[in-house]
Amino acid sequence: MNNLLGRLTWDDVKLFEVFEEFSIDSAVASGAAWVAVLGLVAVLAWITLARRWVWLWREWLTSVDHKKIGIMYIILGFVMMARGIAEGVVMRTHQATALDGGFLSNHHWAELFSTHGTVMIFFVGMPFITGFMNYLIPLQIGARDMAFPLLNQVSLGLTTTGAILVMASLVLGAFETGGWTAYPPFTGADFDPGPGPDYWIWAIVLSGFGSMFSGLNFAVTIYKMRAPGMHYLRMPVFCWTALCTSILLVFALPPLTVAGLMQALDRVAGFHFFTNDLGGNMMNYANLFWMFGHPEVYILILPAYGIFSELTSTFAAKRLYGYTSLVLATMSIAVISFCVWLHHFFTMGQSPTINVAFGIATAIIAIPTGVKVYVWMATLWRGRIRMTTPMVYMAGFFILFTIGGFSGIILANPAINWQVHNTQFIVAHFHNVLLPGLIFGIFAGIHIWFPKAFGFRLDERAGTITAVLWIVGFAMTFLPLYVVGLMGYPRRSAAFADPAFLPYMIVCLLGAFVLLAAFAGLFVTLWISIRNREALLVPLGDPWDGRTLEWATPAPPPHWNFPVIPEVNARDAFAREKAEGKPYVVPQEYRDIHMPPNTSSGFWVMLATTGFGFGMTWHIWWLAVASVISILVWYFIHSFRDHPEVVIPAVEVRRVNQAWIEAIDLGKPITRDHETGTKNRGYAATDMVIAS
Amino acid sequence: MRSIHVRAGSLAAISAPVAMLGDPALAAGFLRPIGPIAEMQLLELIWASVIVLIAVLPVFVGVPVILWRYRRSNNQATYSPQWHFNTKLEILMWGVPTAIVVAFGIWLAQGVFRIDPYRTIDAEMARGMEFEIAGPTVRIDIVGLDWKWLYLYPDEGVASVGEMVIPVHRPVEIRLTSDTVMQSFMAPALAGQIYAMAGMETQLNLIASEEGETLAENTQYNGTGFPQQRGPVRAVAEDAYDAWIASARTAPPLDDRTYGLLAKSGDLAAARDDLDREGSGPFAFTLPDGALFGRVLARYMTGEPVPPETQPGSPTYDPEAARLPAAPHGAGRSVACTPTGPDADAVECPFPDDTHDNHMPGMDHE
Ligand code: HEM
Ligand SMILES: [Cu+2]
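The listed protein sequences derive, respectively, from chains A and B. The numbering of the first sequence is numbering that gives the first Met the number 0, which starts it at 0 and goes up by one. The numbering of the second sequence is numbering that gives the first Met the number 0, which starts it at 0 and goes up by one.
Don't read these hints as lab results, they were simulated from the structure.
A few chain B positions that, by computed beta-carbon distances, are all more than 12 Å from chain A:
1. Ile132
2. Glu172
3. Thr249
4. Ala250
5. Asp272
6. Pro318
Simulated restraints on C-beta separations:
7. B:Gly329 / A:Ser638: 53 to 61 Å
8. A:Glu58 / B:Arg70: 36 to 44 Å
9. B:Lys87 / A:Pro596: 54 to 62 Å
10. B:Arg248 / A:Trp620: 54 to 62 Å
11. B:Thr301 / A:Val267: 21 to 29 Å
12. A:Gly676 / B:Leu88: 32 to 40 Å
13. B:Ala102 / A:Trp633: 55 to 63 Å
14. B:Leu88 / A:Ser638: 54 to 62 Å
Beta carbons: idealized from backbone N, C-alpha and C, even for Gly.
Hey, can you work out the whole structure from these sequences and the hints?
So, in structure tokens, the structure goes:
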């Protein structure tokens with residue numbers, strides 16, 4: 000029995016920790032474990048009671064539809080975000096009481112910042128942006144699916160594997176305590192032999208493969224599957240940012256995967272890549288990690304830039320200013336982002352020449368970033384701006400992100416960096432770019448594309464209130480950290496001795512509660528919107544007077560996206576058609592459409608890799624070996640089986656498309672004055688024409 | 000920045016509001032410098048902020064104005080839906096940030112070369128930055144332990160845990176290493192931080208220009224005792240320094256056995272317990288072995304594995320089992336490894352173990 004479970008023992012089950020020895024700390028730990036377990040049980044029970052298993056399997060888990068995969072990524076992101084935010088709030092509460100103490104044990108605190116960081120970057124940020132790219136790329140370039148639909152599903156499976164492993168650490172054993180960067184030798188076997196670092200390694204390595212495959216898939220899709228006439232310089236800016244992100248994914252993830260595997264070799268096979276002795280050198284880890292880590296921040300932010308670009312021009316009813324500049328800026332950011340990684344350790348003792356070179360390279364990135372912000376301002380200038388939810392996020396982004404950029408350039412100066420590195424200043428800085436940048440972008444994007452995906456809009460008032468809560472909550476929670484950082488308060492610190500920090504910590508705590516309310520606001524918005532669904536329906540597909548191809552489809556779009564592949568002859572093709580008064584062209588001829596078949600591959604890959612990661616973490620060797628074998632067997636069988644494509648007959652395509660066109664013919668185009676009212680059924684009278 | 004006095008003026012501008020924010024006895028970090036290096040860093044911060052402000056102010060001002068003026072309900076405002084390019088604006092958009100980055104870069108390079116942590120503080124530097132040097136350099140070796148800093152004064156034959164004392168106006172030349180996981184040493188009112196890593200040596204140079212107290216903290220998370228790993232740095236007058244050294248010389252010796260116990264994971268209080276020292280707070284030793292720092296480095300450089308029981312910081316560390324090598328790292332290397340004479344080919348050179356001396360291969364400090 001002992002051997003069967005590797006080094007996993009009864010004591011590792013955290014559910015009962017609180018009953019064995021009660022303290023607030025163990026109550027928080029066990030409570031979290033119970034929430035995870037009961038949450039899972041509740042979901043499974045609901046699916047069973049509602050008899051949704053078959054539906055779930057057929058419609059979602061085995062689907063290779065890029066739209067559904069995209070939605071599943073975003074749902075995964077939200078589930079993990081619930082955990083990440085809960086941890087953030089617990090940490091803030093702890094730190095507000097941490098003048099010489101705090102209610103959590105130091106060890107538990109360390110686990111919290113480590114899981115919080117890991118979860119937020121890898122299992123919130125990454126799924127969000129991958130989800131958006133999945134949903135939007137094919138629709139925006141006029142394709143029916145990804146270049147490799149099966150691989151797409153496998154990528155989702157691998158990302159889920161990583162998330163499952165991190166969730167498992169909540170219930171069984173413990174996570175590592177070295178932060179999301181997991182620097183050895185602290186995370187090496189000599190200092191932390193337990194399962195924590197192994198959880199981290201396998202969650203990161205396995206999901207990292209998924210992200211790299213996604214990058215390959217998106218890049219090839221954009222290279223090869225653009226509709227006729229969709230030249231590179233006619234692509235929507237979002238697709239440009241997606242392309243750059245994909246390239247970054249392909250080149251940036253391997254160093255991380257390699258660094259993770261090297262750590263694994265150190266830990267389980269007695270290698271000495273990063274140990275203190277026998278020539279191991281953790282500086283190599285720092286370099287490998289940040290060769291990934293810096294591009295990673297642009298992986299996360301570029302798609303958000305893309306969303307903001309689409310948003311400004313749509314909600315200002317105006318052509319995007321400086322398209323070429325934006326594309327150029329995006330590309331240069333992608334390239335330069337590989338040349339700056341050393342700014343994460345200006346303090347490692349390299350020569351001043353090297354510090355100067357990397358400092359200046361870092362500052363150079365600020366140029367294209369600045370250009371982008373100016374371009375968005377120029378797009379708004381002389382527009383007709385509708386201050387609805389997405390634009391509220393955009394306004395918050397403008398001001399707050401600029402503050403984050405400001406502190407970023409300051410950090411690029413090594414002479415200053417030596418002082419604020421590893422302090423709360425850094426915590427303020429990266430939250431300052433991640434929340435107003437990435438997260439606001441995603442939420443604005445959700446408000447915009449949710450109606451496309453589900454056929455009804457989100458409640459405007461609830462949405463705006465939520466957006467304002469995010470902005471206020473962010474400012475309260477994170478801006479004070481700049482000050483305590485300058486005063487020398489280290490990051491990752493469970494306690495502090497100086498009473499001067501206390502007032503700031505209390506403001507931060509209040510802010511964290513506002514953020515919690517903001518997060519709840521998202522679900523309230525969703526709930527209100529579902530209840531008023533009838534009034535919010537936009538089946539005709541174009542609720543915002545959109546400009547790009549995806550708006551020229553019904554909401555939700557059919558599985559095959561377009562009845563015939565569109566011909567593109569301009570940038571913002573749909574906006575132009577509307578301006579010229581002839582949108583919604585009926586195809587002359589319908590043909591059969593071939594779509595890739597459903598498959599359970601992604602699901603099995605997820606199960607097997609989870610088994611593998613779990614086996615490696617707990618030294619359950621038979622499980623690890625069996626998992627690898629099962630993947631190989633699956634691959635073997637899969638390659639010998641037939642996978643007939645699903646054929647959608649022309650009549651069916653025709654029927655669906657005609658029904659939509661007829662509904663449009665019956666409908667009345669509405670002006671932007673009625674955008675948020677019940678009259679908006681997704682048929683837009685374009686603002687641009689009315690004005691000119 | 001012609002003179003230090005001018006600088007002091009601009010510093011007052013930022014220090015004053017900081018002082019009002021609370022009672023930061025020690026907390027104000029480099030916002031309250033007590034040495035020219037930290038002062039320069041603060042100046043860098045102020046200048047960098049001013050330069051970058053040129054680029055970000057238009058956003059802070061422009062965005063609200065634009066959002067208000069071009070709101071949809073405002074029928075007075077011009078609407079140009081097709082306007083999408085303007086050469087002059089493009090030049091401005093790319094030109095202004097570029098110009099700012101050029102200025103920023105020049106400023107940055109000057110600053111980094113001037114206060115590079117490895118740069119010896121000498122008369123030339125003192126002239127350039129206009130501060131005063133009075134007296135010879137003080138050498139301090141710092142060993143990062145879990146969760147306290149050990150300060151060795153090899154020239155004075157004393158050591159101290161948890162407290163660093165330096166004389167004002169004398170350059171302080173510090174070598175750092177770690178006898179456990181990586182740490183980062185920072186005394187913010189004096190200078191920026193530098194990592195300390197096992198088997199490797201890093202350096203930091205600093206000088207105090209006034210008497211005062213700041214914190215020395217570890218900023219790199221290294222386990223549950225991490226928040227406790229901070230203690231005072233006192234910059235004192237020459238006679239107070241001499242008195243401190245003299246009193247440290249009456250303390251018990253830091254012999255190998257004592258060092259082994261001290262290296263156990265634990266904060267200052269735990270160390271006092273282990274070593275049977277009454278009282279609380281920092282404490283001192285006499286230092287019989289001036290080469291202790293080199294021997295700590297050598298622990299990881301023998302070419303032999305260092306099992307967890309003999310690695311301080313490991314959960315299974317056993318002070319009895321852990322012995323530091325007898326010879327410091329690098330000792331006798333030139334003899335052993337410079338084969339000469341007719342039998343030169345026959346002499347076995349040990350694996351060159353000096354690759355750790357500095358930093359990333361190819362990135363060495365000269
Ligand atoms: C919603 C509210 C949030 C709160 C209250 C919060 C709070 C915190 C706190 C208290 C820490 C530890 C700071 C320290 O080391 O002293 C932290 C670290 C971190 N947070 Fe957040 N956070 C939030 C959202 C986010 C988001 C959205 C992201 C990313 C998308 C994120 C990414 C990180 C990362 C990467 C770390 C560093 C972890 C490490 O030190 O290894 N956080 N956060
Ligand atoms: Cu970076």
